[in-house]
Amino acid sequence: MLLEVQNLNKRFGGLQAVNNLVFGAEEGEIVGLIGPNGAGKTTVFNLITGVYIPDSGVIRFQGKNIVGLKPYQICMKGICRTFQIAQPFREMTALRNVMTGAFSRTADVEKAKRKAEEVLDFVGLGGKKDVLARELTAIDQRRLEVARALATNPHLLLLDETMAGLNPKECDEAVSLVNRIRNKGVTLIMVEHVVKVIMSLSKKILVLDYGTKIAEGKAEDIRSNENVIKAYLGEEYRRAIRQ
Amino acid sequence: MQISVKSFTHPKGYVPLTFLIFLLILPLFLPTYFLHIAITMLFFAFVSEAWNIIGGYAGQLSLGNAAFFGLGAYGAVLLTHYYNIPPWIGGIVIGGAAAVVLSLITGLVCFRLRSHYFAISTLAIGEVMRLVFLNQRQITFGAEGITIPYKGNSILYLQFLSKAPYYYIALALMLLGMYITWKIGKSRLGHYLVAINQNQDAAEVVGVNSARAKQIALSVSAFLTAVGGTFYAQYIYFIDPDFVFGLGLSIEFALIAIVGGVGTVMGPVIGSFLLRPAMESTNALLGATYMGVHLIVYGGLLIAVVMFKPEGLVGWVGGLYERFLELLPRKEN
Chain S
1 MLLEVQNLNK RFGGLQAVNN LVFGAEEGEI VGLIGPNGAG KTTVFNLITG VYIPDSGVIR
61 FQGKNIVGLK PYQICMKGIC RTFQIAQPFR EMTALRNVMT GAFSRTADVE KAKRKAEEVL
121 DFVGLGGKKD VLARELTAID QRRLEVARAL ATNPHLLLLD ETMAGLNPKE CDEAVSLVNR
181 IRNKGVTLIM VEHVVKVIMS LSKKILVLDY GTKIAEGKAE DIRSNENVIK AYLGEEYRRA
241 IRQ
Chain V
1 MQISVKSFTH PKGYVPLTFL IFLLILPLFL PTYFLHIAIT MLFFAFVSEA WNIIGGYAGQ
61 LSLGNAAFFG LGAYGAVLLT HYYNIPPWIG GIVIGGAAAV VLSLITGLVC FRLRSHYFAI
121 STLAIGEVMR LVFLNQRQIT FGAEGITIPY KGNSILYLQF LSKAPYYYIA LALMLLGMYI
181 TWKIGKSRLG HYLVAINQNQ DAAEVVGVNS ARAKQIALSV SAFLTAVGGT FYAQYIYFID
241 PDFVFGLGLS IEFALIAIVG GVGTVMGPVI GSFLLRPAME STNALLGATY MGVHLIVYGG
301 LLIAVVMFKP EGLVGWVGGL YERFLELLPR KEN
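Protein chains in written order, with our numbering: chain S, 1 to 243; chain V, 1 to 333.
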């Protein structure tokens with residue numbers, strides 16, 4: 001097991017954002033994390049990457065507990081993430097944005113630059129490496145976000161709604177990118193609202209509602225799970241798949 | 001800024017070189033008063049360059065750099081006064097080390113805070129140092145200030161009867177400050193500082209230890225500022241807590257870099273080369289008319305710069321410089 005989460009809890013005031021969560025990710029897997037808005041998906045990411053410290057629980061990565069480590073230390077261990085709202089270094093070029101990630105593995109400027117160029121080509125931004133991040137389209141900013149994270153050579157990559165608002169063609173490109181990342185040997189956990197996409201990509205899907213895991217399993221099982229339909233997919237969805 | 005002297009036949013090579021030679025021979029014909037202004041220009045370019053590392057690249061608005069400056073100045077003067085220790089050791093080594101230690105304490109306390117709160121907390125550090133040196137009268141002579149013991153012409157004690165040696169030291173310091181800034185800017189640390197400045201949370205997530213990067217920047221800045229303090233004490237021969245630890249000085253360091261252009265090698269130099277002569281000339285021309293008129297004019301100038309060139313003058317001056325280079329003869333190889 002690459003990542004093991006045990007009895008994770010996080011409370012914000014009166015709100016139990018994550019409630020006794022247990023789950024894991026095997027090496028090479030794509031784990032989908034779905035659930036209604038406010039279900040605690042992004043909080044789970046923030047807990048894994050050290051942005052928040054859990055109230056209780058254990059997060060084991062490659063067998064070692066990483067609770068209490070700072071975000072940069074967790075990155076050095078091999079976990080990186082993207083943000084739901086892209087957070088590029090706005091006044092830097094695309095290349096320098098990605099170099100910042102590459103510097104986590106080398107202090108050599110030339111090496112970092114080569115690595116960054118390679119990753120930019122990989123995500124399809126090779127032609128825009130000298131464009132300032134703030135001048136990129138919203139979609140390219142998300143690509144840049146993925147590239148910056150990939151440049152840190154993660155074993156585990158957490159993608160937070162990378163595909164929200166994409167048109168079908170862009171969505172297909174994103175799906176192919178995710179597959180290519182997985183084929184490089186990177187394990188992924190994805191928060192996604194585009195249910196069709198997550199069902200096609202992930203063998204294992206986790207459904208959260210009010211911070212609690214209400215279902216876990218293969219796409220087929222999730223799709224027909226009563227709790228999931230009630231909390232998230234909705235009656236509309238049931239009718240749609242029946243037709 | 002690319003310092004590649006690949007060709008002296010190209011304006012990019014020979015213009016900076018000509019300017020450097022001009023700076024080197026300047027003391028030979030410049031009258032004393034103007035030489036003094038030139039020294040303050042070079043000197044403020046240096047200390048502002050030091051401020052720029054933490055304030056510009058890392059974007060941490062320090063309003064307490066005078067604390068480091070004062071330690072360099074008092075280290076030099078007090079240790080010569082009590083133990084005859086030359087300012088090289090008393091000011092640069094011991095004063096510089098004290099400034100680095102203070103920068104570590106400052107970092108520990110102030111880096112927990114962000115933006116305005118960081119600025120206010122550094123301001124407090126500077127004020128605390130000023131009050132300590134003001135009140136420890138038995139050792140520091142308090143508000144009376146202290147004059148450095150006279151040693152005549154002496155390289156060991158960094159005292160010279162003419163202004164020219166001070167000028168060359170100030171020039172060397174400025175070039176050193178530019179070189180260090182340029183080196184940092186190109187390195188991983190420089191990239192990290194800019195990233196932290198733009199989005200600290202995003203930087204942390206991709207492996208940037210922001211606390212450490214900012215601490216290194218602050219400590220380098222502190223040390224260089226202390227060296228500036230030593231130079232100031234040796235040049236003026238007299239220091240007092242209200243000036244060398246003063247908020248006015250801290251603001252001046254920041255202001256020069258901001259007007260010139262933060263986070264660039266040339267920004268502080270341009271800022272100092274424009275603001276110091278502006279300060280001196282408004283003082284010389286208007287200082288004797290009505291009280292404070294020169295400060296009003298100087299203040300108006302600052303407002304104009306901040307209004308019309310909020311990103312600093314460096315881009316604008318750089319553009320003019322490029323156009324000037326276009327006009328010059330060149331031989332392409």
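Everything labelled a hint here was simulated from the structure, so no lab data went into it. These numbers come from a predicted model, not from an experiment. Every residue gets a Cβ at the ideal spot worked out from N, C-alpha and C, and that includes glycine. Among the hints, a few may not be true.
Claimed, not checked - Here are some, though not all, of the chain S residues that point toward chain V, as calculated from beta-carbon distances under 8 angstroms:
| hint | residue |
| --- | --- |
| 1 | T49 |
| 2 | Y52 |
| 3 | I53 |
| 4 | Y72 |
| 5 | T93 |
| 6 | V109 |
| 7 | R148 |
| 8 | T152 |
| 9 | Y210 |
Hint check results:
The closest approach between the C-beta of T49 (chain S) and any C-beta of chain V is roughly 6 angstroms, which is under the 8 angstroms cut-off, so the hint is satisfied. Interface hint status for Y52 (chain S): violated, as the beta-carbon distance to the closest one in chain V is roughly 12 angstroms, over 8 angstroms. Contact between I53 (chain S) and chain V, as hinted, is not supported at the beta carbon level, the nearest pair being about 14 angstroms apart and thus beyond 8 angstroms. Taking 8 angstroms as the C-beta contact cut-off toward chain V, the hint placing Y72 (chain S) at the interface holds, the least distance being around 5 angstroms.
A least Cβ separation of about 11 angstroms between T93 (chain S) and chain V goes past the 8 angstroms threshold, and the interface hint is therefore violated. Interface hint status for V109 (chain S): upheld, as the beta-carbon distance to the closest one in chain V is roughly 7 angstroms, under 8 angstroms. Checking R148 (chain S) against chain V: minimum C-beta separation of about 6 angstroms stays under 8 angstroms; hint holds. Hint status for T152 (chain S): holds, given a least beta-carbon distance of 5 angstroms to chain V, under 8 angstroms.
For Y210 (chain S), the shortest C-beta to C-beta distance to chain V is roughly 26 angstroms, which exceeds 8 angstroms, and the interface hint is violated.
Hint violations for this structure: numbers 2, 3, 5 and 9, all remaining hints satisfied.
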